[in-house]
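For the protein sequence lines, the chains are B and Y, in the order given.
The first sequence runs 1 to 319 under our numbering.
The second sequence runs 1 to 218 under our numbering.
Hints may contain errors.
To be verified - Stretch by stretch, here's where chain Y covers chain B in the computed footprint (C-beta under 8 Å, at least three residues):
no.	region
1	48 to 62
2	72 to 80
3	85 to 98
4	272 to 284
Claimed, not checked - The following label-pair restraints were derived from C-beta to C-beta distances:
no.	chain 1	residue 1	chain 2	residue 2	range
5	B	G87	Y	W149	37 to 47 Å
6	B	Q294	Y	I77	18 to 28 Å
7	B	E305	Y	Y157	53 to 63 Å
8	B	V174	Y	G39	39 to 49 Å
9	Y	I180	B	E305	41 to 51 Å
10	Y	Q108	B	E305	49 to 59 Å
11	B	K214	Y	G39	17 to 27 Å
12	B	S71	Y	Y157	45 to 55 Å
Worth flagging that the hints you see were computed from the coordinates, not collected in a lab.
Note that this is a predicted model, so its numbers are computed, not measured.
The beta-carbon is built from N, C-alpha and C at its ideal position, and this holds for glycine as well.
Chain residues, written in single-letter form:
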Amino acid sequence: MLIRRPEPVKSSEITSESAYLSRRDIVAGLAAASLLPAAASRNASAAVLPRAGNLADVKPSDYSTDETPNSWDDVTSYNNFYEFGTGKSDPARYADTLKPRPWSIEVTGEADKTGTFDLEDIIKPHTLEERIYRLRCVEAWSMVVPWVGIPLANILKRFQPNSRARYVAFETLVDSKQMPGQRYRVLDWPYREGLTIEEAMHPLTIMAVGVYGKVLPNQNGAPMRLVVPWKYGFKSIKSIVAIRFSETQPSTSWNLSAPREYGFYANVNPQVDHPRWSQARERRIGAGLFAPKQATQMFNGYAEEVASLYTGLDLKRNF
Amino acid sequence: MTTLQWVRYVLKPLVFSAALLPFVWIVLSAFNLVGPGLGANPVEALLDHFGTLGLRFVMIALAVTPLRRLTGLNWLIQFRRMLGLFAAFYVTLHLAVYVFLDQGLVVQPIVEDIVKRPFITLGMIAWLLLAALSVTSFMYIRRRMGKRWQQLHYSVYAVGVLAVWHYWWQVKKDITEPVIYAAVLALLLGLRVFWSWQKRRRSHVRQSTMRVSPSATS
Numbered sequence: 001m002l003i004r005r006p007e008p009v010k011s012s013e014i015t016s017e018s019a020y021l022s023r024r025d026i027v028a029g030l031a032a033a034s035l036l037p038a039a040a041s042r043n044a045s046a047a048v049l050p051r052a053g054n055l056a057d058v059k060p061s062d063y064s065t066d067e068t069p070n071s072w073d074d075v076t077s078y079n080n081f082y083e084f085g086t087g088k089s090d091p092a093r094y095a096d097t098l099k100p101r102p103w104s105i106e107v108t109g110e111a112d113k114t115g116t117f118d119l120e121d122i123i124k125p126h127t128l129e130e131r132i133y134r135l136r137c138v139e140a141w142s143m144v145v146p147w148v149g150i151p152l153a154n155i156l157k158r159f160q161p162n163s164r165a166r167y168v169a170f171e172t173l174v175d176s177k178q179m180p181g182q183r184y185r186v187l188d189w190p191y192r193e194g195l196t197i198e199e200a201m202h203p204l205t206i207m208a209v210g211v212y213g214k215v216l217p218n219q220n221g222a223p224m225r226l227v228v229p230w231k232y233g234f235k236s237i238k239s240i241v242a243i244r245f246s247e248t249q250p251s252t253s254w255n256l257s258a259p260r261e262y263g264f265y266a267n268v269n270p271q272v273d274h275p276r277w278s279q280a281r282e283r284r285i286g287a288g289l290f291a292p293k294q295a296t297q298m299f300n301g302y303a304e305e306v307a308s309l310y311t312g313l314d315l316k317r318n319f
Numbered sequence: 001m002t003t004l005q006w007v008r009y010v011l012k013p014l015v016f017s018a019a020l021l022p023f024v025w026i027v028l029s030a031f032n033l034v035g036p037g038l039g040a041n042p043v044e045a046l047l048d049h050f051g052t053l054g055l056r057f058v059m060i061a062l063a064v065t066p067l068r069r070l071t072g073l074n075w076l077i078q079f080r081r082m083l084g085l086f087a088a089f090y091v092t093l094h095l096a097v098y099v100f101l102d103q104g105l106v107v108q109p110i111v112e113d114i115v116k117r118p119f120i121t122l123g124m125i126a127w128l129l130l131a132a133l134s135v136t137s138f139m140y141i142r143r144r145m146g147k148r149w150q151q152l153h154y155s156v157y158a159v160g161v162l163a164v165w166h167y168w169w170q171v172k173k174d175i176t177e178p179v180i181y182a183a184v185l186a187l188l189l190g191l192r193v194f195w196s197w198q199k200r201r202r203s204h205v206r207q208s209t210m211r212v213s214p215s216a217t218s
């Protein structure tokens with residue numbers, strides 16, 4: 001007897017769980033992006049992104065820590081942003097050459113709605129939220145930063161990634177006139193970063209456009225940067241001009257530059273040391289000259305929210 | 001005034017004050033009394049400042065002998081000990097900031113660092129050597145050590161190499177500055193190698209001419 005096996009369903013025809021769960025957001029997003037009549041959207045609160053100054057209608061978030069944020073001076077004067085020089089004070093000193101407007105973002109890869117989008121159009125349909133997050137740098141220092149941003153998932157879903165979109169890759173602007181540090185090949189420009197689609201869609205991951213209720217200063221990655229609070233700071237790529245949905249793991253700048261020292265995941269992990277220094281403790285910026293270092297927490301204290309993303313993954317090997 | 005008096009009563013106090021000035025400036029900045037202060041990460045700033053000063057004074061002390069030889073100003077040698085001690089002073093402060101302020105005198109991570117992290121191992125060896133050189137820098141110890149004093153003090157060359165290496169390995173990515181220090185050190189040590197090679201060749205030539213001359217007369 002001949003048993004006919006049913007035609008296998010093509011993977012492209014399967015709706016991914018995240019896409020299924022986000023179907024309402026997509027409708028709301030489309031409405032706000034004025035692809036649907038505005039009346040169809042009930043609660044679209046258009047975010048306005050001024051060129052500078054205060055951001056209006058910023059909603060608080062349950063994801064915020066109640067730790068005291070670092071001062072505005074700490075947050076805006078002590079930065080790693082090699083596009084403006086490798087010193088911590090270089091970005092604050094030299095980043096005024098960056099022109100964060102007009103700004104557009106190119107979206108490519110495994111998604112239905114690709115193309116080049118204006119920054120305002122990407123931000124407009126969403127509600128801005130304040131997210132007070134711990135930031136842990138791979139150099140063993142940390143801060144608490146009151147970001148203002150939008151859950152990355154809400155933005156990404158509007159591009160309708162397909163089932164082959166297993167990773168999301170990001171790129172920073174390349175323009176040595178605006179970013180004089182790019183005249184030196186300290187890193188292989190453009191700066192590149194990437195996340196798995198699950199990490200990118202995680203509610204803790206945000207696209208930040210502000211800090212301290214104000215528009216993001218240039219040295220902090222204006223006009224739009226990633227913030228992934230359970231990973232070392234270098235994953236939170238700044239001044240983003242390109243987003244690509246990809247089936248394969250994208251290459252990332254620090255991993256390309258020193259693969260033994262910086263992995264793709266770069267989750268904060270006190271048990272896995274950097275080859276040249278310990279990650280068990282961290283220095284909290286602003287704590288003063290005589291404050292002791294403090295213990296680094298697993299996933300930077302966000303283990304409850306994100307540990308399930310990595311079940312079965314050897315975190316020592318996948319550092 | 002004789003040159004000796006001039007060096008002793010004018011130049012030495014001047015050089016001493018100049019070498020101490022960065023220390024005074026850094027301490028005053030730490031308490032926000034001068035300049036822009038030490039910034040958002042004062043511990044890191046102190047580590048960097050004292051480390052850099054230590055490295056520079058190692059280079060300056062190593063420059064005394066070549067400078068003396070190139071200029072013929074023999075009195076320069078009188079500054080070598082002071083400059084070497086300033087190198088040890090700043091490197092000791094660098095180490096003290098690491099032990100007390102950075103690590104908070106917690107023993108286990110310090111031991112772990114020294115054993116597990118090569119750049120810290122190198123730094124510790126360099127400091128131990130500098131400490132040995134400082135302790136034996138007194139004139140009466142020098143006299144009592146005789147020939148062995150010079151042998152011990154040749155290890156300042158190793159200190160130079162270790163210090164630059166320590167800095168190079170510590171830098172995350174931008175190695176411009178370590179490369180500059182390495183180039184300066186290569187010049188300072190290279191001159192010595194060149195001069196000693198020249199000297200050996202000259203004495204070799206002299207010996208061979210002495211051996212040749214009797215046969216030439218026969």
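Status of each hint after checking the structure:
1. 48 to 62: violated (count 0)
2. 72 to 80: holds (count 4)
3. 85 to 98: holds (count 3)
4. 272 to 284: holds (count 7)
5. B:G87 with Y:W149: 37 to 47 Å: About 42 Å separates the Cβ atoms of B:G87 and Y:W149, which means 37 to 47 Å holds.
6. B:Q294 with Y:I77: 18 to 28 Å: Violated - the Cβ-Cβ distance for B:Q294 and Y:I77, about 50 Å, lies outside 18 to 28 Å.
7. B:E305 with Y:Y157: 53 to 63 Å: holds (55 Å)
8. B:V174 with Y:G39: 39 to 49 Å: violated (29 Å)
9. Y:I180 with B:E305: 41 to 51 Å: holds (46 Å)
10. Y:Q108 with B:E305: 49 to 59 Å: Since the Cβ atoms of Y:Q108 and B:E305 sit about 31 Å apart, the hinted range of 49 to 59 Å is violated.
11. B:K214 with Y:G39: 17 to 27 Å: For B:K214 and Y:G39 the Cβ distance comes to about 21 Å; the hint holds.
12. B:S71 with Y:Y157: 45 to 55 Å: holds (46 Å)
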